[in-house]
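Participant: Let's have the full structure, built from the sequences with the hints guiding it.
So the protein lines, in turn, are chains A, B and C.
Count the first sequence with numbering that gives the first Met the number 0 and you get residues 0 to 521, in order.
Count the second sequence with numbering that gives the first Met the number 0 and you get residues 0 to 311, in order.
Count the third sequence with numbering that gives the first Met the number 0 and you get residues 0 to 374, in order.
Read the hints as simulated data drawn from the structure, not as lab findings.
Errors might be hidden in some of the hints.
Below, a list of computed lysine-lysine pairs in the BS3-like style, where the Cα atoms sit at most 27 Å apart [to be verified]:
1. Lys344(A) x Lys391(A)
2. Lys153(A) x Lys124(B)
3. Lys418(A) x Lys6(C)
4. Lys228(C) x Lys391(A)
Derived coverage of chain B by chain A (criterion: at least 3 residues anywhere in the stretch with Cβ under 8 Å from a Cβ of chain A; other residues may be distant) [unchecked claim]:
5. 162-172
6. 175-185
Computed Cβ-Cβ distance ranges for the label pairs, DEER-style [as the list claims (entries may be wrong)]:
7. Ile126(A) x Thr85(B): 24 to 34 Å
8. Asn218(A) x Phe250(B): 55 to 65 Å
9. Ile126(A) x Pro126(B): 28 to 38 Å
10. Pro280(C) x Pro126(B): 42 to 52 Å
11. Asn114(B) x Ala47(C): 26 to 36 Å
12. Lys196(C) x Asn114(B): 41 to 51 Å
13. Leu118(B) x Pro280(C): 18 to 28 Å
14. Leu118(B) x Glu43(C): 27 to 37 Å
15. Phe160(B) x Asn85(A): 40 to 50 Å
Backbone N, C-alpha and C fix where the C-beta goes; we use that ideal spot for every residue, glycine too.
Below are the chains, spelled out letter by letter.
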Amino acid sequence: MELERTEQSLLEHLPAKNVAAVSMCNIHKSFGKNHALRGVDLNVMPGTIHALLGENGAGKSTLMNILCGFYHQDIGFISINGKQVNITNPKMAIDYGIGMVHQHFMLVQTFTVAQNIMLGSELTKGIGVIDFKRANREITELSNEYRLTVNTKKKVLDMSVGMQQRVEILKVLYRGAEILILDEPTAVLTSQEANDLMQIMRNLASNNKTIVVITHKINEIKRVCDFCTIIRRGENVLTVHVDDYNEQQLGAMMVEREIVSVPRLKTTKSKKTILEIKDLVVKDDRGVKKINGVSLEVKAGEILGVAGVDENGQQELVEAITCLRKVESGTIKIHGKEIQNTTTKNVICSGISAIPEDRHRSGLVMKFSVAENMILKRYKEKPFSRCGRMNKILIKQFADDLIEKFDIRPPNCAEIPIKKLSGGNQQKVIIAREVSNNPDLLVAMQPTRGLDIGAIEYVHQKLWEQKKKEKAILLISLELNEIMEMSDRIAVIYNGEIIAVVEADATSEEEMGALMVGGGKK
Amino acid sequence: MRIPNNIALIFVGTLMYTTPLLFAALGGVISELSGVMNIALEGIMTVGAFTGASVSYFTNSAFVGFLAAGFAGALLILLHAVACVTFRADQTISGTAINFLGGGISILLTKKLFNGSALSASAPKLPSAFPKFVSNRLKGTDLEAINAISIATLFAFLLVFFLWFFMYRTKWGLRILATGEHPAAVDSLGGSVFKIRYFCVLCSGFLAALGGAFMSISVTSSFSPVTICGQGFIALGALIFGKWTPQGAMFSCLLFGFARECTTMLGGQNGFVSQALLEMLPYVLTIAVLILFVGRSLAPKAVGVPYTKDLR
Amino acid sequence: MNKFNLKKKLVPFFFALLGGFFVGGLCLICCGYDPINSYLAMLEGIFAKPKYMVQVIVKSAPLILTGLSVALAFKSGLFNIGAEGQYMVGLLVAALMGIKLSLPPVIHFLALFIAAVIAAGVWGAVAGFLKAKFGINEVVISIMLNWIAFYLHKYIFAQPWLLVRNLDASLPIRETARISIFQKFKETAQWKGMIAKNPLFSDIFKTDLNIGIFVALLAVILIHYFLNKTTRGFEFKTMGINHETASFVGMNVKRNTVLSMFIAGAISGAAGAIQITGVSPYRMTNLAGFEGYGNEGIYIALVANCSPIGCLFSGLFFSAIKCGSSLMQIKVGTPREIIKIITGVIIFFIAVPFLHKLILNYLQKKKENKLENTK
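Facilitator: Structure (structure tokens):
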């Protein structure tokens with residue numbers, strides 16, 4: 000039934016003679032027991048920008064990876080320009096004129112722009128010898144044609160993220176793609192870069208390219224897209240003309256319920272400083288200064304948000320606070336006591352807890368049980384161990400307590416390996432661990448990354464609870480919305496420097512956006 | 000005064016000991032640049048040494064033995080390729096398994112072929128790198144010693160140049176380098192990570208076995224269980240020291256070759272330093288070199304990481 | 000639940016063993032040997048006489064120890080391919096102290112044992128230190144250390160104050176340092192009477208029965224306890240699975256890396272010490288190549304899935320086929336190197352995690368096809 004509605008709403012807006020550039024019909028795909036796609040349809044008209052809207056894990060990326068030949072669908076068929084095709088590998092997809100710009104760039108960091116762009120379809124003279132001169136020339140011509148200027152001889156690792164994305168788009172165009180798929184293209188961009196990108200997309204569409212954008216950012220859809228297909232839990236809900244709906248309606252269709260924004264908790268003005276950072280300088284592994292003279296203060300009962308675009312020193316800041324990275328100069332004080340360049344152990348004992356950015360990489364031990372993960376920071380404390388001998392019974396009791404208190408599902412999971420829990424529940428385990436030893440300062444780096452909406456709300460609630468208990472919280476996030484919603488004050492980090500600290504009530508998204516790209520220095 | 004002669008002797012000796020290491024290190028470079036760690040070099044060299052010695056003994060042709068060794072090495076390392084590329088096995092453990100297998104098969108077959116002896120009969124040598132008229136000219140001069148430079152040594156050094164050109168100037172090289180750095184990128188552009196890695200690992204086995212064969216044919220002129228004695232691992236150290244480039248591997252192999260030549264020169268003549276202590280030198284040198292340089296060299300990003308299409 | 004888990008863990012290893020012997024058999028056929036007779040001779044070499052069985056147990060002690068050493072390192076995320084060198088250092092120190100020192104019995108052994116264990120531990124810790132400090136791959140370093148230990152052995156062995164020229168062996172270690180059981184007893188008149196009465200006893204006492212196996216058992220229990228019950232063991236395991244998490248929660252990964260390699264080295268050193276003090280001729284011999292106890296530790300640990308208790312059984316198993324292969328070589332003429340191939344294949348099967356599943360699935364399908372066909 001819904002399918003009929005989809006078709007109708009599409010047809011209303013289109014002249015009948017047009018044949019869909021891409022038509023995917025009744026696509027099913029499962030990974031083991033996980034049924035990722037269950038009968039999705041998608042029709043994309045040529046020369047339009049078509050959005051695929053859905054929450055994390057709804058199946059958007061899987062659908063597009065099928066179109067690109069990365070996966071093969073279990074059931075269903077695909078037509079390109081009205082002709083049914085069977086795409087079994089990426090090479091075929093390229094031959095059909097389909098090109099994808101992945102969310103995580105497929106660029107070889109040590110290669111130059113030209114090497115990256117021609118990889119796989121190199122210009123050669125003689126037997127296999129690459130003609131670098133001709134390649135550089137042709138790529139420069141191509142980039143001028145679409146107004147995507149790049150320096151072809153520059154290495155990718157020396158380029159900004161926005162420029163890298165240009166290279167990705169050029170790579171696709173170089174292969175003669177008519178249908179471009181962009182996977183979460185603005186996730187890593189500054190707002191200026193995002194604006195540029197939308198201009199580029201418009202440009203391409205007017206050059207009669209067809210574009211599919213995977214996204215969950217509704218305001219961008221409203222700004223640039225013609226059509227929008229909404230996918231929910233592996234099934235498509237609806238395809239609509241973007242102009243017919245407002246942002247709230249689209250959002251509601253995406254999450255199946257109204258989005259209500261919770262009013263921020265008012266801060267009680269407190270004077271007690273918990274964390275004080277002064278003139279901090281930190282270098283990364285390659286010896287490049289990533290934090291350059293940062294000073295910050297976090298007070299009790301306050302959430303200080305650190306806003307900024309990725310790779311501007313956030314990672315290094317957190318690593319310096321937790322003593323995982325050497326501090327070149329400057330001080331980090333907690334309760335007035337210097338802690339920089341000591342040990343992580345000392346940091347923890349001083350009352351600092353941290354929620355890591357990547358819970359799989361540095362927060363959890365996936366092969367351990369939930370209880371073992373819960374005790375990771377306190378296994379040396381009495382009564383959990385005495386004279387170097389661990390008390391498994393007490394540890395299990397401790398874990399059972401936390402599982403109940405933090406509503407971790409499934410219940411009684413203390414002895415289950417943590418990898419069997421869902422992502423949201425794994426994050427709950429980390430939060431339970433980090434909060435349960437009653438820290439004075441909680442450093443939360445991207446605490447909601449990759450979680451669904453319910454889990455995000457849960458995390459936010461827990462942060463507020465900490466705030467109510469007069470704890471200090473340093474929240475670092477790439478999501479401006481999250482920062483705006485949660486923080487009392489916001490520090491903007493750009494290129495390793497804090498370029499502004501503003502009261503959250505007294506700022507706007509526009510102002511923040513400008514600050515985050517280094518503009519409007521106050 | 001026989002100084003020119005001595006220098007020529009050291010020069011020849013250094014090249015002789017460099018050659019097997021260089022073959023193996025170049026093999027290692029190819030495999031690791033494509034993203035497959037190759038700890039199996041030792042086992043492959045052993046099999047190469049055995050095949051080289053025995054085939055050239057039975058066919059009475061060093062060339063046939065040399066080539067046969069390459070193919071035997073490729074055959075054995077195929078197992079490593081299957082495990083690491085197709086089955087995404089732990090590359091260290093798989094390499095260790097190959098090392099055991101290589102040693103076992105070689106000794107088993109030596110005993111079978113040479114009446115229960117673990118030492119093969121002596122094999123014919125590979126010819127000199129110099130054509131007749133040059134070597135005749137050299138005869139009787141102070142530089143006569145350099146006639147002993149083998150044609151395989153020449154081949155190994157030519158190979159360095161060829162590999163450099165292949166890796167950094169041709170489209171296939173570009174794809175191999177990309178596979179080692181970012182396999183998903185190659186996959187998304189329609190290249191086959193599997194085929195590239197299989198090709199590279201097989202080449203690596205072929206070359207490493209040539210190194211082993213050179214050792215048994217031209218250096219010790221027979222195969223015994225101690226012919227290779229850790230040279231596969233020294234080659235591994237050399238390629239790390241050489242920063243994963245063919246030319247770098249060449250220079251570090253020359254260094255190790257020279258160290259080994261010093262061992263023989265100093266120990267053999269007057270013996271004022273114990274032979275056993277001198278023989279430690281290449282190994283101590285490897286450790287020293289690693290301590291001094293490992294921090295600054297950059298391995299291909301995807302080395303040791305099995306590639307799977309599953310992006311989730 | 001527990002039983003099920005154990006079964007799930009055992010099946011792949013069972014398959015690996017089966018695969019090893021199967022491929023080994025194919026190799027034998029290719030080389031013109033009779034695999035069935037060879038394997039039968041091997042079995043005979045293990046079980047035919049009580050003497051053989053005792054021999055298996057005696058020879059298993061150093062293997063269990065080196066296996067344990069590799070397993071402990073694996074558990075903490077390190078590949079201790081240097082067990083061979085650590086074993087040699089332990090043996091060297093024990094031999095020197097056994098020959099040069101003169102102390103009362105028991106104390107003599109304890110002194111040299113502790114010295115050997117510490118020396119080998121330091122030898123192992125070098126690789127751990129270089130890994131922690133400079134980030135150098137411990138595998139390459141360990142192998143270089145193996146060869147250095149090998150030539151160190153050669154160097155010391157060649158010293159004139161140690162060498163007995165006409166024997167091509169060193170002086171024997173003093174009797175006070177030996178750990179053989181019933182050594183004195185064998186020379187009494189009572190003993191000679193017993194031989195006459197009971198050939199079974201005489202058979203067993205002809206072997207190098209020593210207390211090494213008890214040392215190995217003790218080590219197994221200690222390491223098992225250490226890994227499963229102590230906080231340090233917990234740190235090792237955490238670091239072994241995810242060292243980034245370990246440092247994130249405040250564990251000192253670098254110190255633990257050195258410590259883990261020290262303990263691993265110490266255990267291998269213990270193997271060397273009990274080998275020279277427990278097995279005749281109680282002398283250092285001129286080595287042509289590695290003795291292989293350390294390298295064998297690698298596959299013992301792998302087959303045991305790095306569990307200390309597992310090392311006990313896999314050590315016994317490999318000791319058995321090693322002992323059996325000697326008789327096989329003598330009786331049927333099959334070269335004993337075949338066990339190297341068998342173990343290589345076994346490791347290969349273990350390295351490829353789901354090979355056994357593929358084979359099982361294939362067999363299942365074939366079975367189903369057959370059933371359908373018969374219908």
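Participant: If a hint holds in the structure, say so; if it doesn't, say that too.
Facilitator: How the hints compare with the structure:
Note on Lys344(A) and Lys391(A): the hinted pairing holds, with a Cα-Cα distance of about 22 Å set against a maximum of 27 Å. The suggested pairing of Lys153(A) with Lys124(B) is violated, with an alpha-carbon distance near 50 Å, which exceeds 27 Å. Straight-line distance between C-alpha atoms of Lys418(A) and Lys6(C) comes to about 21 Å, which keeps the hinted pair within the 27 Å bound. The hinted pair formed by Lys228(C) and Lys391(A) meets the criterion: a straight-line CA distance of about 8 Å does not exceed 27 Å.
Residue count for the stretch 162-172 of chain B with a Cβ under 8 Å from a Cβ of chain A: 4. That meets the three needed, and the coverage hint holds. Check on the stretch 175-185 of chain B: 7 of its residues sit with their Cβ under 8 Å from a Cβ of chain A, so the three-residue criterion for coverage holds. Roughly 30 Å separates the CB atoms of Ile126(A) and Thr85(B), a value that falls within the hinted 24 to 34 Å. Distance hint check for Asn218(A) and Phe250(B): the Cβ-Cβ separation is about 57 Å, which falls inside the suggested range of 55 to 65 Å.
For Ile126(A) and Pro126(B), the hinted distance range of 28 to 38 Å is satisfied, since their beta carbons lie about 30 Å from each other. Here the CB-CB span from Pro280(C) to Pro126(B) is close to 48 Å, well matched to the stated 42 to 52 Å. Look at Asn114(B) against Ala47(C): about 28 Å separates their beta carbons, and that is inside 26 to 36 Å. Under the hint 41 to 51 Å, the C-beta atoms of Lys196(C) and Asn114(B), about 45 Å apart, fit the expected range.
Between Leu118(B) and Pro280(C) the CB atoms are about 25 Å apart, so this pair conforms to the stated range of 18 to 28 Å. Checked against the hint of 27 to 37 Å, the pair Leu118(B) and Glu43(C) passes, with Cβ atoms roughly 29 Å apart. Between Phe160(B) and Asn85(A), the C-beta spacing of about 45 Å keeps the proposed range 40 to 50 Å intact.
In summary, the one numbered hint that this structure violates is 2.
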